[in-house]
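Undergrad: Letter by letter, the chains look like this.
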Amino acid sequence: MPSALSLTDISAAYSGKRALDSVTFMISRGERAAIVGPNGAGKSTLFKVIVGLMPHLTGDVMVHGHSHHAGDCPSIGYVPQREEVDWNFPVTVMDVALMGRVKEIGWLRRPAKSDREAAREALAQVGLTDLASRPIGDLSGGQQQRVFIARALTQRADVLLLDEPFGGVDVEAQSAIFGILDDLRQRNVTVLISTHDLEMATTRFDRLLLLNRTLYADGPADSALTPERLAAAYGGRLTFWRDGQPMTVTADDCCP
Amino acid sequence: MFLFEPLQYSFMLRGLAAAAMVGVVCAVIGSFVVLRGMAFFGDALAHAILPGVAVAYLVGGSSGPLFWGAMAAAVATALGIGAITRGGRLREDTAIGVIFAGAFALGIALISAIRSYSVDLAHILFGNILAITNYDLLLIGGFGLLVLIAIAALYKELVVISFDPIHAATLRLPAEPLRYLLLVLVAVTVVVSLQTIGAGLMTAMIITPAATASLLARRLSRMILIAAVIGAASGVVGLYISYYVSVASGAAIVLVATACFIAVWASVQIRQRRRA
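Heads up: the protein sequence lines correspond to chains E and F, in order.
Residues in the first sequence are numbered from 5 upward in steps of one, following this note's numbering.
Residues in the second sequence are numbered from 65 upward in steps of one, following this note's numbering.
Worth flagging that the hints you see were computed from the coordinates, not collected in a lab.
If a hint is listed, it holds; no wrong ones were tucked in.
Among the chain E residues that face chain F by a calculated CB cut under 10 Å, a handful are:
{"id": "1", "residue": "P84"}
{"id": "2", "residue": "R114"}
{"id": "3", "residue": "G141"}
{"id": "4", "residue": "F152"}
{"id": "5", "residue": "R155"}
{"id": "6", "residue": "A156"}
As a list, the in silico BS3-like pairs of lysine-lysine whose alpha-carbon atoms are at most 25 Å apart:
{"id": "7", "chain 1": "E", "residue 1": "K117", "chain 2": "E", "residue 2": "K107"}
{"id": "8", "chain 1": "E", "residue 1": "K107", "chain 2": "F", "residue 2": "K220"}
{"id": "9", "chain 1": "F", "residue 1": "K220", "chain 2": "E", "residue 2": "K117"}
Glycine included, C-beta positions come from ideal geometry on N, C-alpha and C.
With the rest of the complex left out, here is chain E:
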């Protein structure tokens, strides 16, 4: 069986500057993986390449064995970074959930009853039924993330990308999101998250990818991040918590 998401030798550049360099990894169906790395490591760029919004110079992206450029490629759900959304945009929670079905509804058609039903169901799954008719900007950060997850559900995406979903979200909202991700795992939805929270990445994911333009580590969450790899990726001093113990990493070559 082909893996849910596979990237082979992906390189990409922003106006001549290399942002990704020969990135290769595979994620199996139902796996929950986190991409970690410093700011500007190319995490968002990588997501944009995966969804086909940004061209890549080399390599291939395959989703369930289909090239992501092909028309029959299964669609990918995407939860944008908070900063990328205009929260004053006049849409309701229900409107956003329905956006997952725009393609299925088809050109020149309006959402049918079944589409609204699907959107309501998705909102129920993420616990937002009561807020369906509220403007998206009225919701809290955690609730907004859940609206976008609902949109991916109505899209019937079985690969879900979340770009820094925990920025500006409190602990309670975080665990609500993880609760939903646990449900998704039951349904074999593959989840790839970018985060700069190393502690969370090591404790709550199956798989870790350490990125800074290129991959510095790829493996099970509890063993992928060795001090050497972290030092190489972050290129400086870095402290994070592991098993309740502070762990400090110092790079040999200071400073970036």
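Chain E is already provided as a structure; the job is to place chain F on it using the hints.
TA: Same frame as chain E, but now just chain F:
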């Protein structure tokens, strides 16, 4: 009577019809312009059609095919700006600034070669609503309707590419063609409104009613509806004011729309302060 007196003149009737139609079309496309932050693009386009108008003048005189010249220039400029801003080598506003000023200069150069330079230029810049003919009304109505139909037909797709382009990419919507379509629709709107409002005040007619509506509505469909009502009302009320106070009609229309905006903005501020 006060309200009916101007209606005995057929040029006023035609003017009122044009003002109302232009108000609606500008407001509807303007809602997307406001949400996508394309205000500068609209302004640029309104000025960049000048060379097209000038060439049409040179070819056919003041009764010549101005509309079609403007249309050709507007669509060409829209596509040109679209292409230049695509690669991302130049910032969008920089690219627009370059094209807009260059085209505007070319237009002025061409028009200044004509004898009746100042009168004609004034009409292009500030409109000439009372000279609107039945044929003009037909063009305004036809092309205005075309813009409205295109937006209604592609509404949900246009909303998605405006709200979340990355999601649009995951759905494999043809985002680039849709973006170009929106630019062309703005171009058509500008040309449709040229004689009514003039190139110089065009942006106001596109931006102001939509901006006012955005303060009042929390759903896009409602925002568009409110914007259309404000746009049409500003057109009609503005023309009446210009009839009685004898000020330039384009300016009067825009001032009514601006007054609407200020009133709504102030009342929203006061309401927020009371709540806080």
